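Novice: Can you build the whole structure from these sequences, using the hints too?
Chains as they are written, first to last, in my numbering: chain Z, 1 to 146; chain X, 1 to 692.
I should point out that these hints are in silico values taken from the structure, not numbers from a laboratory.
Among the clues, some could well be false.
Only some residues are given here: those of chain X computed to face chain Z with a beta carbon under 8 Å [said to hold, decoys possible]:
1. G103
2. H482
3. K485
4. E486
5. I489
6. S490
7. E492
8. K496
9. I497
10. S500
11. K525
The model shown is predicted, which means the values in this text are computed figures rather than measured ones.
Glycine included, C-beta positions come from ideal geometry on N, C-alpha and C.
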Amino acid sequence: MSEIAPPLRILLIEDNQDHARIFKWALQQSRQPNQLTVFQSGEAGLEYLRIMSHQVEMRPDLVFIDLNLPKVDGREILQRIKDDESTKGFPVIILSSSEREEDIVSAYKLGASCFISKTVLLEDLGPVLESIQHYWTTIARLPGRK
Amino acid sequence: MKTLTRVLNGKRSKLGIVKRQRRHLLHSGMSNAENAFDHDLIQTSPFGHLILKDGKILGVNMTFAKMVGYRSTASLAKKRFSTFLSEQSQKAYQVMMRRIGRGERPWMRFDLELVKKDGGIVDADVHIVPSHGLSDSVITVHCNDITERKTLQNRLVDSESLFRNVVNSMGDALIITDLQGKVLDVNREFERLTGFDRTEAMGKEIPYPWGGELLLKEYLSWLDRLRKDGALRDFDITWTTKDGRKIAVSLNTSLLKSTSGNIAAMANIARDISERRAVQMELKNQVQRLEVLYDLGRSLTGTLDTEHIARITYEQIRKVVPLDAFSLDLYDENRKHLRPIIWFDRTENGVVEYKTPTTPMALDERPACAKVVRERRSFLELRTDDEFSRSTDKTFGNTQRRSKSLMFVPLFSKDRIIGIISTQSYEYDMYTEEHLTLLESIASVSAIAFEKAKLYQEIVTKSLEIEARNKELDDFTYVVSHDLKEPLISVEGYSKILKSAYIDTLAGEGRDYLQSIIDSCGQMKKLIEDLLQLSRVSKMDEHRHPIDVDQLIRQILDELEFTIIERKAEIRTVSSLPKVIGVEPHLKVVFRNLISNAIKFCDKSRPLIEIGAEVVENRAKFSVKDNGIGIEEKYFDKIFMIFQRLHQREQFEGTGAGLTMVKKIVEAHGGQIWVESDPGRGATFYFTLPLA
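Specialist: Quick look at the structure:
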């Protein structure tokens, strides 16, 4: 038996509070322990990432960013994360309510690790997010985690 | 015999002897005389010799007999000499005989006409010698046949007058001069051409009064060339006629040599080429004008730029119309504004282009242009009054010079004036009606180009506008759909949370309501997706390729396999459908929507769908025919409108965007779509696509 893994630390940058709450609820349904931090603005989230990048014990394992943020949108935040030496190592998952091909292409080009449609997320609310979490904790390896 | 011979030779010095001999001869009677003629010398003399007594022939030689056409002398004896003379000559003979009768003793020599036996005339040089002191009635006659000489003489006279006639009837002027150029003779054409009489011309030396441009120096070098080459061809000069007109002549000169081979004179043949030159000039002008119009037409086809058209027009006009100033303005009929395009003006530094004002000018500021607009036609001024001078000063830059000749020509598009061209000169009387006509021709060609450019600009502006509006609309659709999606996701998300975590707290109907909310969310999501997809069809940014429709249909039938089996549908297609050009995913939507609609809107137990195609007017015309419920004619248009449903959702699923999508795709491919139907028995959708 493996020892109990520490909770997966997740950062969500999402301006729509309803979406953030639904996301949080879905995460809570997961059997895997996790810990969610939400920022409504991209700039605040980015600042948080910079500070946390040096705190190995506290830094997020995964970053979820909503593509359509007011003022500085998700693409811009993604680009800044990938341009900054201290934050470029964070795996970023883009959440989007659109499935436009150019949005998907540009997200990957800017260095996103994954692109997920909110519609798909809603299909089967809990299990989809759980399988994402499962992928990142069990199948993929993340820095700083065994 | 010797003495007679001497007599007959007519030597005066021997006369004394002759007298004595004759006396003897006559005394001895006729027989002696006849005998004397028998002498060979007399008979074979080249001259005819006769002795007459009282006008009758006493003695005659063979030469005379032959001269008058007799074979022997015998038949001439005793005949009167006058019988051998023509009527005219008889008179002269009688006059002469009377003078002899009066005792005169003239030495007489005549040209007389002898009449031959056959009536022919022989010209003869006749010497009549009275017998001095012998007998008044006896004379000797000596005849020399001069017919040949006479003929030659006549011929000479004839040829001289012939020559004169020829020279005078020449179409070219002829001047014969000596080697110093002194005029020896001229012909009638010369008189006609120059107005100078022959008498006035004769003896004239260089410079000739008609000589015009031909200077002495030139004349001398010309003479040198002439001496060297022996002739001079087509030397074009201008003469001045007596009444002061200038005429163009072409001079051909040749040297005339005497029989001894020395150059005796020069023959100058001058041809009036004024007319020829005028015709040549006219022809050259016509050719140049045609060239200008052709070049203009050709150059203008390549451009849609207003300023470029104006420049090409100016360049062509410059070739055929003399000008010191040029302007081309476009005219806005509604605003009564002139928009200057190009202005040129000649200054001390040559032709200068002025920067035209960027703001339009009121028509009133330009009186000459206003006149064109008011009268709706071009005009020509050869001696402009102050009004136009001032107006043109204002039109053109900063030159101090004023235009004196000017032409203003409107550019017509149908019956609207769209511009005005003006050419101007600082000289009086520079333009002719021909210039004006030419300028009008050029204006008509360039007006077409301006109009074409304007239409093109309008089309470009319009299509840019339409493109921008389409993009705006699509962006709007996208943004709206996206914004609609956000709260929908919240509603759906919360509903699902409720259903998942709080279902137990809801009683009976509450659970149904919750499910309805979730279903409605799904429905709405579908509508929004359709709307989004629709907004992307019109962009057509994907590349078009030739598409194998047979293969496309096979793919669709594979995808619809489940539905087809479930509904027990039968799909029939013709063996090979035409290939088309298009965006494959979009065309797939067209066929799939039509086929699935055909299956969906069917109340029969076995739906039958037939897919056909034919080539009509170079386009592929497809048909999708079903045996379904059909469509009433009044709905033929409505079915293609977005979210229009003819049935309740419970009856037939769908958002009502499918046919709108199909129509939009077909039209984006340049095709058309329509429906024919027999309600209750089925419908057939037809649509056209470009052939591959």
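Novice: With reference to the structure, classify each hint as holding or not holding.
Specialist: Checked hints:
Taken as an interface hint, X/G103 does not check out: its beta carbon lies about 152 Å from the nearest beta carbon of chain Z, beyond 8 Å. Taking 8 Å as the C-beta cut-off, the interface hint given for X/H482 holds, the closest approach to chain Z being about 6 Å. Given the 8 Å rule on beta carbons, the hint for X/K485 holds: about 5 Å separates it from the nearest Cβ of chain Z. At its closest, the beta carbon of X/E486 sits 6 Å from a beta carbon of chain Z; the interface hint therefore holds under the 8 Å criterion.
With its C-beta approaching chain Z no nearer than about 5 Å, X/I489 sits inside the 8 Å limit, and its interface hint holds. The beta carbon of X/S490 comes within 4 Å of a beta carbon in chain Z, closer than 8 Å, and the hint placing it at the interface holds. For the restraint placing X/E492 at the interface with chain Z, the shortest Cβ-Cβ distance is roughly 5 Å, inside the 8 Å limit, so the hint holds. At its closest, the beta carbon of X/K496 sits 5 Å from a beta carbon of chain Z; the interface hint therefore holds under the 8 Å criterion.
Satisfaction of the interface hint for X/I497 is found here, the shortest Cβ-Cβ separation to chain Z being roughly 5 Å, below the 8 Å cut-off. Interface restraint check: X/S500 against chain Z, minimum CB-CB distance 6 Å, threshold 8 Å, status holds. Nearest Cβ of chain Z to the Cβ of X/K525: about 7 Å, under the 8 Å cut. The hint holds.
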